[in-house]
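Student: Anchor point for the sequence shown: position 18 equals 66 in the working numbering, and the numbering is continuous, going up by one each time.
Because the hints were derived from the structure by calculation, they are not lab data. Fair warning: this is a prediction, and the values are worked out from it, not measured in the lab. Treat the hints with caution; some may be incorrect.
Claimed, not checked - Restricting the straight-line Cα-Cα distance to at most 27 Å, the calculated cross-link-like pairs of lysine-lysine (BS3-like) are: (1) Lys177 with Lys218; (2) Lys633 with Lys621; (3) Lys701 with Lys500; (4) Lys633 with Lys701; (5) Lys681 with Lys546; (6) Lys432 with Lys417; (7) Lys500 with Lys462; (8) Lys462 with Lys177; (9) Lys432 with Lys402; (10) Lys666 with Lys677; (11) Lys218 with Lys677; (12) Lys417 with Lys218.
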Amino acid sequence: MAVGATFSGHNLRFPTSAEAIMSSYSPIPKHLPSAFACAAMISKSGISARNSVTQRHTNNTPRYDRGSNEGNLTKDYLQESKDLLRSDGGPPRWLCPLDCSSIRPQHSPLLLFLPGIDGVGLGLLSHHKALGEIFEVCCLHIPLTDRSTFTDLVKLVEETVRSEYSNAPKRPIYLVGESIGACLALAVAARNPDIDLVLILANPATSFSRSRLHCLLGLTDATSKLSYPTIIYLLRFVLGIPLRMTVSIFGKRLSMQQTAEELTQNAAALSSCVFVLAHVLPLETLFWRLKMLKSAAAYVNSRLHAVKAQTLILSSGRDELLPSQDEGERLRRVLPNCDIREFNDCGHALFMEKDMDLVCVIKKAGIYKRGVRRDCVSDYLLPKLSEFQRVYEPFRWTEVAFNPVMVSTLGNGKIVEGLAGIPSEGPVLVVGYHMMLGAELIPLVSRFLLEKEVVLRGMGHPMMFSRQGEGGLLPELSSYDPFRYMGAVPVSASNFFKLMSSNSHVLLYPGGMREALHRKGEEYQLFWPEQSEFVRMAARFGAKIIPFGVVGEDDIGELLFDYHDLIKIPYFKDAIEKLTAEAVKLRSTAEGELANQDVHLPIILPKLPGRFYYYFGKPIETEGREDLKRRDKAHEVYLEVKLEVNKCIAYLKEKREKDPYRNLVARLHYQATHGFRSQVPTFEL
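Start from the sequences, fold in the hints, and give me the full structure.
Tutor: This is how it looks when you write it as structure tokens:
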């Protein structure tokens, strides 16, 4: 059923008085779409003040999820927009989505959505439920008849931001904007550098002067004589949308009958979409908004130097309206605290894409926080199974290629298949050997989640989280998104303390980068510090220490050029020096081989993949051991853990020789006869 709402014009600074607005909206509108529960009261107490009338809704069941069909999302968006615009009029206002009214954790940050050229405020329709679990969400709605200038809208958003900041100075405020909404967010950030803002900008319209829309604006006099559907059709054909739709359908390699059906359905959808768009964005409003885009881009581009807020740019690779990927790179170079994520197969309406999950993007980028500073432990959002399946999909090939075998040890010393020997309750510290380039990580972390429903939080090198310079040779920070998503944190004593105190399962590699970038002939050698780095901290919280070994790197590739080979070649020597300068230096006071932390990329000759083998030793108890407060006793346990890791490696190297399915061909033959979902056997325990 439709949900009622009462709107207030307090502090909006628009010509219509508050009394007139209240009187014109005092009846409950019959056609307010069920996607929205209420309008926020913009009063002295801020957005959080709600009108009691707005709470009388009859259905709070979310109707949208990330599994929805892309066509259904578009249809739902257009229908909800049409319903909302039936009760339209008055100045711009904030709406609170019904799907976001569910119970959320205390001290959730505020998220303000700033819409694109349509101004409806429904751009996050399919994300409302997920966002409502971690944010307080409000969406800006700009009525079709409203003729506010860009600076008017900037003042509206700015007043809301300042009001919320004055009520809760330590509460972060997220501004999520698309197209012209991204310009709004940048303008507010430039005018308020002292407020804790996080900007998430999808295809910013700051590139308007270099876009096709700019050309359309110059034809307003000629196009004003055409019917609106004709203009939309022309625009879509100029942008090549029907052609791309056709190419994408043929790219699916469907049967002739299925191809014909899809072409017919898309033609019908395109036709109906055009006429609904005429209701959502009338011709006069379209031209007004295009002119606003021009002024918005000019306004913001002249103030980019003043933006200090943390910014995440989301760029579409198939944006038909704006050169979004080029603009994203430009903004990253201009803004001081900016990162970028690219979506190569997505169009301009990024948030409406079927595979776009905004909450998952926020998690992977590691930008969610509840206070002034992000706490990588308390602000970490656990992955959901549906999210994890999408994140893991690009790496699923590792399960087939390496077909990992994992065995663990029970408390009584019995070795069993799987992870039954790993305690389900933390704190648990998993300590072991780091294979070349960390090849064992993805199967290890994913198996813990899928089999034990445990997030194994790795202590990672700081270069996965920050850079000492821009435009260098290190991989993009986005390449480490899956590790941040799975709970990796920068290795430090304080983060280790926080993880242990929160009863987490922690993954630690004492050998670090030196072990993961070992030289020829150093396979399965441990490069651990001489002194203990983790035992006393683990004992302080009574953590169980699980030593583990892993083998298999020599079965997937042969090291052709290691550090010693590369450093002799001038080109590679220069690259190594630049890479090392970019990365944060760890263990700067270490001596011996452990001090050789130069960052480089060894050259490896791939082999027909063998198999990865993991062996988790018997848990070492530290709870109640007061003697571990002494350095000498802690060092004894440290040496014990190191010895156990070496024993695990030796055990696996011996056992894998007896595995008849160590070779990929043998495994594929087994699965071809027993089914590709069958578990391939291994050596006898």
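Student: Could you run down the list of hints and mark each one as holding or not?
Tutor: Status of each hint after checking the structure:
no., hint, result
1, Lys177 with Lys218, "holds (25 Å)"
2, Lys633 with Lys621, "holds (18 Å)"
3, Lys701 with Lys500, "holds (26 Å)"
4, Lys633 with Lys701, "violated (33 Å)"
5, Lys681 with Lys546, "holds (24 Å)"
6, Lys432 with Lys417, "holds (18 Å)"
7, Lys500 with Lys462, "holds (19 Å)"
8, Lys462 with Lys177, "violated (46 Å)"
9, Lys432 with Lys402, "holds (18 Å)"
10, Lys666 with Lys677, "holds (22 Å)"
11, Lys218 with Lys677, "violated (38 Å)"
12, Lys417 with Lys218, "holds (11 Å)"
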